[in-house]
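> This is what each chain is made of:
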Amino acid sequence: MPNSEGPPSFSAVNEFKKKAQAVSTETVEVKGLGGALDYLLKVAKEASPASLLPVSGAEFPKASNRAEPRKKLIAAPGLTDADFDRLDKKASELGFGLIRKGLRDFVSGFEVAFSVAAFGVAETATCVLENESEDARLAGMLAETHVVALDKKRLFETSRDALGLLEAALNRPANFVSFISGPSRTSDIERVLTLGVHGPFHFHVALMD
Amino acid sequence: MNGQERDGRDYPAASSKKYHKSLNQALEDSFLRKTLDKFAVQYRSSREAIFSGLAEKELIREVALAKDGALSRIGELYGEFAQKAREKGLIVHRAQTAQEAREIISNIARENGAKKVIKSKSMTAEEIDLNRALEGAGLEVVETDLGEWIIQLRDEPPSHMVLPAIHLSRFQVAEEFAKLTAGEPDTDIGKLVKVARRELRAKFAEADLGVTGANFAVAASGAIGLCTNEGNARLTTNLPRIHVALIGLDKLVPTAAEALSILRVLPRNATAQPITTYVSWLTGIVDYGAAADKGKIVHAVFLDNGRLDLIKDPKCREVLRCVRCGACANVCPVFRLVGGHRMGYVYIGAIGLILTYFLHGREKAKNLINNCVGCEACKDVCAAGIDLSGIISEIRARINEEDGAPITSSLLSAVMGNRDLFHALLKYAKYAQKPAVTGSFVRHLPEIVAGSHGFRALPAIANRSFRETWPQLEAQMAPKLGQSKGPRVAVMAGCAHDFIYPEQLVEAVKLLLIKEAKVSFPTDQSCCGLPLQALGQREASLKTAKTNLRAFAAKDLDYVVSLCPSCANFMKNRYPLLFAHDPDLLEMAQNLSARVIDFSSLVKNVLKFSPDDFTPGSLKVAYHSPCHLGRGLGVHQEPRQLIALAGQYLKTPEEEVCCGFGGSYSLKFPEISAALMKRKLESIDESGAEVLVTDCPGCVLQLRGGEEQRKRAKAAAQAGGQAKAKDYAQEKSLKIQHISEFLSENIKKATK
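If you read the protein sequences in the order shown, they are chains A and B. What the first sequence shows, in numbering that gives the first Met the number 0, is residues 0 to 208, in sequence order. What the second sequence shows, in numbering that gives the first Met the number 0, is residues 0 to 751, in sequence order.
Chain A extracted, bound-state conformation:
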């Protein structure tokens, strides 16, 4: 059980890391949000340029008019202004573009998205995101790599232990709650597991102290 006053549960963290491995989720332990953002930049450096493949017959309505070559993009819609500005400074030094609004214009995809999880579940290596705003929702759907920061103190053993939080989230006037446990996957052709069919190819969780 998480306890916002006490230390994080090490067994839950270990369980999360173990279960994450089985579902192709990369995990890393970091110091606070700063550590998570540094990790994000490291992932962005290593990320391949987004596929942005032209579509047979038609072009994407909006994203296609972006000039090539272009900067790698990071979407981080959930950050506070101060955090966003700090990240933007570092990102531009590294030659990355940072966006937080109008993600619908990037429907063909971009390199990396960053989100902060509301809570997590160790048993299934699940990050739970609550995103009322469209940009926050789309970030993790359109990016080819998704980095999620999860506070260790908000890590539960099982989903049932977090029932109260889930119910509270669903009782809000409007909400989109996502349980995410790994990169997008399919086994629809000859039951061969393939990552990255509609959502991200890569999923990273930065477990924050």
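Check before you lean on any hint, since a few could be wrong.
Unchecked claim - When the alpha-carbon atoms are kept at most 25 Å apart in a straight line, the in silico PhoX-like pairs for lysine-lysine are as follows:
#1 B:619 <-> B:713
#2 A:70 <-> B:193
#3 A:30 <-> A:17
#4 A:71 <-> B:190
#5 A:71 <-> B:193
#6 A:16 <-> A:41
#7 B:603 <-> B:734
#8 B:619 <-> B:650
#9 A:100 <-> B:293
#10 B:747 <-> B:509
#11 B:734 <-> B:713
#12 B:484 <-> B:748
#13 B:193 <-> A:44
#14 B:748 <-> B:509
Calculated directly from the structure, the hints in this document are not laboratory data.
Please arrange chain B on chain A, whose structure you already have, making use of the hints.
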């Protein structure tokens, strides 16, 4: 949908003749056979791994309770959901029929000027044939689940509820994709998936209406839950301005707690995953960025389409517990051979056989419903603990009652329902078969008689039935029985042992006497009733069952043993259900049920045979677990332990897979029965075992008959044509024994 054929689509089970033709085609499809074989084996082991360390049966019970609770107040839950969701801005509809649901959704599209529709996979949308309706209204409709998109491009229905394109190879997919990309087909699966990502992302970008199903509709918050691995439901609900969720009324749950209970079992059972990659919970109207002046529109369309009637049906309402995991197909030995297109009209597997009847009508179901071998693997694996095999029998009975039974099954039931007539006829058959008998088998039957049933040699009716042998046996035993202190055990012979294999029963009685059991044989017993039940002959089945309640009513019996686990399972687990309506008979049925025991459990646990009792043979002995012993009675260890006591037990990988007998099933679907039997014998060949022991006369009949036929075929091939009996008698073959024969053969001589 009742009675209405889907435009232009072929339905394999439309007629019996067509169905058999289609089944034979499937059996010839080597890709399908290989794929489904691999799938069955992998699914079994990965499911076992994913449930290890969890109280599987407890989790399943929780799902059953959660669903039963919800179903019992479905109207109230609908009202609660509708109120909450409307408060939050959703538009909530309730459609009584498939037609109404199609109209509601077409109207939503028209009123909002939508042109392009994207969908994430929904079996409920398949149920109402939504795509054709929307296309008919001039809309472009694109499926976005990869498998579902592939079959849409090919204009086929799904062949599995979770893996809709499992019947297709990468080459077939590549061929289809090449038409879109106007390039050379590339058969690399990774590249094929990228083609889908690219093509479908463009469709997402253009769509103005997204249709999804729902895994949960949470009444307390008016929220819906959606499970996907690909993430397509996320894009479907977020990119277009309008979202329509089509939800079966059975998806309502009171709170998120019940949804989480289901979520613990559903992905584990469906694909052996701890959880699907994405579970999305949607509530209210979230912001929509593309048109500030218009905003998001969300409709929830609840579908009845026969569900409320089904809730009022006490024998079958538990069908609505189904969470659509597809596991009943994954473990079905028939699905493994012929694939999903031949195992349901829209829904597939055991639940498909059932839902075809309830949702799509008797006409669509009447051939399909017979294609269940009765092995109960589905019931055993079901995420919601639905008695799938029992409900399939119930539907057969209803179809017989509604439509009139086929003449053969009525005739059989008239005969079997009358004990004296049945026994007299068997006696007659014994003489009538004489000219055709070689050893213990009926000799080669003329092709016109045997037809597709020639896959196994049929056993001859025994010269002396067990009931004819009994007086002599009893007289021999009398001195010993008088002083015995052991348990009082009555023998339920069952038709197969009484008339075909009485020698197995005689060996069993000898074993029981070694441990001083007081054995009796109530001669007024009859057929257990299961074969009649399987044919949908409810009344005749009840009649024979009642005969047995009286035959075994003696108060001083400790056990009623049957060497046939199908009889034992039927008497133990079904009799109390058959007589639930009559308190007196129910009490008798419960008394009998409590005393019924299978042979292996009696020998191992009650009579406590030990290593000291046996001189183990040196041959390697494989075991075939009869469906109704393992899954039916839950007896797994005892027969294996006994084999290890009396011989060299060799574990083989498919011990618990059905041999294909299934009683009258093997007469109705000989092509499938033969394929199952062949697979079983081949797996024993591969193991190097020299003896195959099983615990059921039906399995012995099937496997010995198949082995005999293999031997004949081999001799014929060597002799370059029709082999003579003496030729094949010399062929080496696998020894197949009932466990009573095997144990008796290896008992220590001094003990005997």
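> Against each hint, give a clear statement of whether it holds in the structure.
Hint-by-hint comparison with the structure:
1. Our distance criterion of 25 Å between C-alpha atoms is met by residue 619 of chain B and residue 713 of chain B, whose separation comes to about 23 Å.
2. Restraint check: the Cα-Cα separation between residue 70 of chain A and residue 193 of chain B comes to about 23 Å, which is no more than 25 Å; the hinted pair holds.
3. Proximity of residue 30 of chain A to residue 17 of chain A is assessed by CA-CA distance (about 20 Å); at most 25 Å being required, the pair is judged to hold.
4. Proposed proximity of residue 71 of chain A and residue 190 of chain B is supported: the alpha carbons are some 23 Å apart, at most 25 Å.
5. For the hint pairing residue 71 of chain A with residue 193 of chain B, the CA-to-CA distance comes to about 20 Å; that is within 25 Å, so the pair holds.
6. For a cut-off of 25 Å, the pair hint linking residue 16 of chain A to residue 41 of chain A stands: about 20 Å separates their Cα positions.
7. A hinted pair counts as satisfied when its Cα atoms are at most 25 Å apart, and residue 603 of chain B with residue 734 of chain B qualifies at roughly 23 Å.
8. Between the alpha carbons of residue 619 of chain B and residue 650 of chain B the distance comes to roughly 10 Å, so the proposed pair stays at or under 25 Å and holds.
9. This hinted pair checks out: residue 100 of chain A and residue 293 of chain B have alpha carbons roughly 19 Å apart, not beyond 25 Å.
10. For the suggested pair residue 747 of chain B and residue 509 of chain B, the alpha carbons sit about 13 Å apart, so the restraint of at most 25 Å is met.
11. About 16 Å separates the Cα atoms of residue 734 of chain B and residue 713 of chain B, which keeps this hinted pair within 25 Å; it holds.
12. A hinted pair counts as satisfied when its Cα atoms are at most 25 Å apart, and residue 484 of chain B with residue 748 of chain B qualifies at roughly 22 Å.
13. Using a Cα cut-off of 25 Å, the hinted pair residue 193 of chain B and residue 44 of chain A holds, with the two alpha carbons roughly 23 Å apart.
14. A hinted pair counts as satisfied when its Cα atoms are at most 25 Å apart, and residue 748 of chain B with residue 509 of chain B qualifies at roughly 13 Å.
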